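> Heads up: the protein sequence lines correspond to chains E and R, in order.
Under the working numbering, think of the first position of the first sequence as 274, with each following residue one higher.
Under the working numbering, think of the first position of the second sequence as 812, with each following residue one higher.
Keep in mind that the hints are not guaranteed to be accurate.
Keeping only pairs whose Cα atoms sit at most 30 Å apart, straight-line, the calculated DSBU-like set for lysine-lysine is [said to hold, decoys possible]:
| # | chain 1 | residue 1 | chain 2 | residue 2 |
| --- | --- | --- | --- | --- |
| 1 | E | Lys345 | R | Lys912 |
| 2 | R | Lys848 | E | Lys303 |
| 3 | R | Lys911 | E | Lys583 |
| 4 | E | Lys311 | E | Lys400 |
| 5 | R | Lys911 | R | Lys897 |
| 6 | R | Lys879 | E | Lys442 |
| 7 | E | Lys337 | E | Lys413 |
| 8 | E | Lys442 | R | Lys912 |
| 9 | R | Lys897 | E | Lys311 |
| 10 | E | Lys318 | R | Lys897 |
| 11 | R | Lys870 | R | Lys848 |
| 12 | E | Lys400 | E | Lys572 |
| 13 | R | Lys845 | E | Lys583 |
| 14 | R | Lys897 | R | Lys869 |
| 15 | E | Lys345 | E | Lys442 |
| 16 | E | Lys583 | E | Lys430 |
| 17 | E | Lys337 | R | Lys912 |
| 18 | E | Lys476 | E | Lys390 |
| 19 | E | Lys345 | R | Lys845 |
| 20 | R | Lys952 | E | Lys345 |
| 21 | E | Lys337 | R | Lys952 |
| 22 | R | Lys897 | E | Lys430 |
| 23 | R | Lys879 | R | Lys912 |
| 24 | R | Lys911 | R | Lys845 |
| 25 | R | Lys897 | E | Lys345 |
| 26 | E | Lys430 | E | Lys374 |
| 27 | E | Lys572 | E | Lys401 |
| 28 | E | Lys337 | R | Lys930 |
| 29 | E | Lys390 | E | Lys413 |
| 30 | E | Lys337 | R | Lys845 |
| 31 | R | Lys930 | E | Lys492 |
| 32 | R | Lys879 | E | Lys544 |
| 33 | E | Lys318 | E | Lys303 |
From chain E, some residues computed to sit far from chain R (all C-beta separations above 10 Å) [stated by the list, open to error]:
| # | residue |
| --- | --- |
| 34 | Arg316 |
| 35 | Arg328 |
| 36 | Glu333 |
| 37 | Gln357 |
| 38 | Glu386 |
| 39 | Lys401 |
| 40 | Asn424 |
Treat the hints as calculated values from the structure; they're not laboratory data.
All of these numbers come straight from a predicted model, not from anything done at the bench.
Ideal placement from N, C-alpha and C gives every residue a C-beta, glycine not left out.
Chain by chain, the residues:
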Amino acid sequence: MSALRLVIQSTICGTNVLRCHEIFTARGIKRWVAPTLKELERRRKKLGPQPPPLRSSFVEWNYKAEWYSFGKRLHEEFNEHTLQRAFTHRSYIVKEEESQKEAGIENPELNLEDNQKLIVEGTNFMKKYIRNYVSLLLPKFPEEGIRAVCNYLLEDKMLAFISENIGTKDLILSSDVPPEEETLASTLKAVVGALIESSGEEKAGLFVRDFVVTQLVEKDVNDIWHPEDPFTTLTDIMRRDGREIPEPRLINETGRNTILSTYEVGVYSDKQFLGSGSGETIEVAKQLAAHNALRRLFKTTENMLPFSFKMNPYGEHVKPSIEHCSISEWKSKNVNC
Amino acid sequence: MSNNNLFLPVGFPRAPLANGVGRWICQLQRLTFKFCKNYPSSRGMREFLEFELLDFTKKNPGIVVYVKPRRHRAPNLTAEYLNGEKQIVDCRNFSYEEVKKWVSLLRSQSGRGTVRLLKMWHTDHPSIQGPWSPFVNRDPKLNWVEFPNEDLSQPIYIEKSATEKLIEIFEEQQRIERQPKQE
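Take these sequences, add in the hints, and give me the full structure.
So, in structure tokens, the structure goes:
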């Protein structure tokens, strides 16, 4: 382009003599660029795929600023030293010591503490708090269900997802780079532990509520847990309640003997409607109807009110923690509230 | 009009990590200002750093701000989000106001990248009542009907023929004529 401009300029100004080398030196992209890029690309291919560069190895990186902003971003007050401890995993210290020994230092001193204690503290607190909160959300749900929901919230996959999305990934000091699921999850637990040390249990509770328990929003707890054989379960519950055993009845059907057949079954006890479900065979529809009836008994229907995430089990209006019945002992009267 | 937007990934507006259900957190985690100290293309950026940067950092303590001078290269804004996304805005020859606007945009978005929104809202439960089926609000009387049934085999609505309409008009006329005249 610039060569073209040069040609145009020289013709306008009337200088007819245009030397050949002027065109070549006026190239927009220099002659050396293409071969250099080619060589770089060749070397890159020879090395094979490389792991993504560590963010903390960049020039623009400041741990102190990162730790400060981490707390501020989550609207929490962390003790800087404790937060630093929360991000330091045992594996990192071991790795660093080994690398120092290899370099010839006999007694390596790192002055770093690992987060083992914080992880234990955080795990215990989260287990207790989440159990408490979930039982407030689902007062009529059986014990097995409550346990399944708690496990769902506390499994590594979920905690790693939360941990990554509040920005711990680049701050973790661990031997696995980039950090694995387990490391991410345990870091979140350690952060909760650090928060208990820095601001107390009530604040830590609100943190767990706002970041972990809120993952239940828009989720159906019956997808997380449901009894294996709903009809037998329902029969047992009816027997324990002193009501007649449930009676499945065909309410609607269409397309019998076709591949698109649909049956709708209702479950009744003492001529009272308990629930209904539809399926491609009568057996499936019967089980689904029982499942629907159990949903109604446990107060976890599809059209239930959305969960409230504004409760504070550590606040003034603390309800005593609810005892949940096991599914094998569940009775309508047994369930308090 | 171009149809390039057809090739964008599609999606619904979603909040990352149920943001705002518990508490709201700013999704921008790091912002790097890269600029040159003497090239004129970085002028707007330099002005921003001089007059606006401290206020910006005080207002947004949750964002880590890095300032990286580099010689004789065009300025840019590098934004890193909590979801791991990185966005780079080329700020060559931007004025102070333009830099300010871009910084404000980067701060307020979720970093999800450009998606073609299928709708401006999203719900996992579009209907509280559940989906419609042929059994919804069906007349219970139909449970007792034996098929094939002659009445139910008829069309629900049969249009009147022209003859029938004429007869109707004629009968109406007759009825009016038969009425005693008022005087």
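> Next step is simple, just say for each hint if it's right about the structure.
Here is how each hint holds up against the structure:
Only pairs whose Cα atoms come within 30 Å are accepted, and Lys345 of chain E paired with Lys912 of chain R is accepted, the gap being roughly 23 Å. Only pairs whose Cα atoms come within 30 Å are accepted, and Lys848 of chain R paired with Lys303 of chain E is accepted, the gap being roughly 26 Å. The hinted pair formed by Lys911 of chain R and Lys583 of chain E fails the criterion: a straight-line CA distance of about 36 Å is larger than 30 Å. Under the criterion of a C-alpha separation no larger than 30 Å, the hint pairing Lys311 of chain E with Lys400 of chain E is inconsistent with the structure, at around 56 Å.
Annotation: proposed proximity of Lys911 of chain R to Lys897 of chain R holds, straight-line Cα distance about 19 Å (limit 30 Å). The suggested pairing of Lys879 of chain R with Lys442 of chain E holds, with an alpha-carbon distance near 23 Å, which does not exceed 30 Å. Taking the CA atoms of Lys337 of chain E and Lys413 of chain E, the gap is near 47 Å; set against the 30 Å cutoff, the hint is violated. Taking the CA atoms of Lys442 of chain E and Lys912 of chain R, the gap is near 29 Å; set against the 30 Å cutoff, the hint holds.
Taking the CA atoms of Lys897 of chain R and Lys311 of chain E, the gap is about 27 Å. The hint holds against a cut of 30 Å. Simply put, Lys318 of chain E and Lys897 of chain R have alpha-carbon atoms about 24 Å apart, close enough for the 30 Å limit, and the pair holds. Using a Cα cut-off of 30 Å, the hinted pair Lys870 of chain R and Lys848 of chain R holds, with the two alpha carbons roughly 26 Å apart. Our distance criterion of 30 Å between C-alpha atoms is met by Lys400 of chain E and Lys572 of chain E, whose separation comes to about 24 Å.
For the hint pairing Lys845 of chain R with Lys583 of chain E, the CA-to-CA distance comes to about 42 Å; that exceeds 30 Å, so the pair is violated. Under the criterion of a C-alpha separation no larger than 30 Å, the hint pairing Lys897 of chain R with Lys869 of chain R is consistent with the structure, at around 23 Å. Straight-line distance between C-alpha atoms of Lys345 of chain E and Lys442 of chain E comes to about 17 Å, which keeps the hinted pair within the 30 Å bound. At most 30 Å may separate the alpha-carbon atoms for a hinted pair to count; Lys583 of chain E and Lys430 of chain E meet this at roughly 25 Å.
With a CA separation close to 28 Å, the supplied pair Lys337 of chain E and Lys912 of chain R stays within the 30 Å bound. The hinted pair formed by Lys476 of chain E and Lys390 of chain E meets the criterion: a straight-line CA distance of about 19 Å does not exceed 30 Å. Distance restraint check for Lys345 of chain E and Lys845 of chain R: the Cα-Cα separation of roughly 24 Å lies within the 30 Å cut-off, and the hinted pair is therefore satisfied. Proposed proximity of Lys952 of chain R and Lys345 of chain E is contradicted: the alpha carbons are some 66 Å apart, above 30 Å.
Distance check on the hinted pair: Lys337 of chain E and Lys952 of chain R sit about 76 Å apart at the alpha-carbon level, beyond 30 Å; violated. In summary, the hint linking Lys897 of chain R to Lys430 of chain E is supported, as the alpha carbons are separated by about 24 Å, within the 30 Å threshold. Proposed proximity of Lys879 of chain R and Lys912 of chain R is supported: the alpha carbons are some 20 Å apart, at most 30 Å. In summary, the hint linking Lys911 of chain R to Lys845 of chain R is supported, as the alpha carbons are separated by about 15 Å, within the 30 Å threshold.
Distance check on the hinted pair: Lys897 of chain R and Lys345 of chain E sit about 21 Å apart at the alpha-carbon level, within 30 Å; holds. Straight-line distance between C-alpha atoms of Lys430 of chain E and Lys374 of chain E comes to about 35 Å, which puts the hinted pair past the 30 Å bound. Restraint check for Lys572 of chain E and Lys401 of chain E: the C-alpha separation of about 23 Å stays at or below 30 Å, so the hint holds. Proposed proximity of Lys337 of chain E and Lys930 of chain R is contradicted: the alpha carbons are some 42 Å apart, above 30 Å.
About 35 Å separates the Cα atoms of Lys390 of chain E and Lys413 of chain E, which puts this hinted pair outside 30 Å; it is violated. About 21 Å separates the Cα atoms of Lys337 of chain E and Lys845 of chain R, which keeps this hinted pair within 30 Å; it holds. For the given pair, Lys930 of chain R sits about 21 Å from Lys492 of chain E by alpha-carbon distance, which is consistent with the 30 Å threshold. Among the hinted pairs, Lys879 of chain R with Lys544 of chain E is inconsistent with the structure: their alpha-carbon atoms are about 77 Å apart, more than 30 Å.
About 24 Å separates the Cα atoms of Lys318 of chain E and Lys303 of chain E, which keeps this hinted pair within 30 Å; it holds. Taking the minimum C-beta to C-beta distance to chain R, about 24 Å, the non-interface status of Arg316 of chain E holds against the 10 Å cut. For Arg328 of chain E, the non-interface assignment is contradicted: its Cβ lies about 8 Å from the closest Cβ of chain R, within the 10 Å cut-off. Under the 10 Å C-beta cut-off, the non-interface status given to Glu333 of chain E relative to chain R is violated; the minimum distance is some 4 Å.
Its beta-carbon lying about 16 Å from the closest one in chain R, Gln357 of chain E satisfies the requirement of being farther than 10 Å from that chain. Every CB of chain R lies more than 10 Å from the CB of Glu386 of chain E, the least distance being 24 Å, so the non-interface label holds. Residue-level check passed: Lys401 of chain E sits 19 Å from the nearest beta carbon of chain R, beyond 10 Å. Consistency note on Asn424 of chain E: stated as away from chain R, and its beta-carbon is indeed over 10 Å from all of that chain's, at 19 Å minimum.
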